[in-house]
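Residues 1 to 111 in UniProt numbering are what the sequence shown spells out, letter by letter.
In case anyone wonders, no lab produced these hints; they're calculated from the structure.
Be a bit skeptical, because a hint or two may be false.
Once the Cα atoms are required to be at most 25 Å apart in a straight line, the calculated DMTMM-like pairs of lysine to aspartate or glutamate come out as [unchecked claim]: (1) K88 - E22; (2) K88 - E23; (3) K88 - D7.
Label pairs and their computed distance ranges (CB to CB) [claimed, not checked]: (4) V2 - I106: 33 to 43 Å; (5) G16 - T36: 10 to 20 Å; (6) Q98 - D70: 33 to 43 Å; (7) N4 - T39: 36 to 46 Å.
Don't be surprised by glycine CBs; every beta carbon is placed ideally from N, CA and C.
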Amino acid sequence: MVRNSNDGLWRATLRGRALLGEEVQLPEGYAIAMTTVTTNKTFSPSSPTSASLSPFITPTAEADEIEAPDQVSIQACASRYVVWEHDKAPTAAATISQWVTLAQLIHTSSQ
Numbered sequence: 001m002v003r004n005s006n007d008g009l010w011r012a013t014l015r016g017r018a019l020l021g022e023e024v025q026l027p028e029g030y031a032i033a034m035t036t037v038t039t040n041k042t043f044s045p046s047s048p049t050s051a052s053l054s055p056f057i058t059p060t061a062e063a064d065e066i067e068a069p070d071q072v073s074i075q076a077c078a079s080r081y082v083v084w085e086h087d088k089a090p091t092a093a094a095t096i097s098q099w100v101t102l103a104q105l106i107h108t109s110s111q
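When you get a sec, could you build the whole thing from the sequences and use the hints?
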């Protein structure tokens with residue numbers, strides 16, 4: 001894996017195919033986390049089921065049970081990552097940054 005100093009893209013190959021990667025730095029306060037979820041229990045929601053709202057829908061055990069995580073453990077964390085694309089520069093990297101900006105605008109109170 002080599003980073004090109006001209007365009008800043010990472011270059012690699014996978015099974016003979018060229019890969020181009022762009023590093024994405026997340027804004028402060030954001031991180032990527034790899035987690036492990038341990039689930040042992042299921043519970044039925046106390047809200048009315050769809051069957052009580054419509055005589056044509058029959059509830060199933062699968063639809064009425066929700067798995068509740070007992071424990072969520074963070075295995076690894078990073079503030080940046082690389083978006084890869086075959087034979088061309090990745091376009092998803094810019095899109096991800098736009099979503100983060102949009103989320104900040106939506107969730108910030110305007111005063």
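Hint-by-hint comparison with the structure:
no. : hint                  : result
1   : K88 - E22             : holds (11 Å)
2   : K88 - E23             : holds (14 Å)
3   : K88 - D7              : holds (12 Å)
4   : V2 - I106: 33 to 43 Å : holds (38 Å)
5   : G16 - T36: 10 to 20 Å : violated (34 Å)
6   : Q98 - D70: 33 to 43 Å : holds (36 Å)
7   : N4 - T39: 36 to 46 Å  : holds (44 Å)
Hint compliance for this structure: hint 5 alone is broken.
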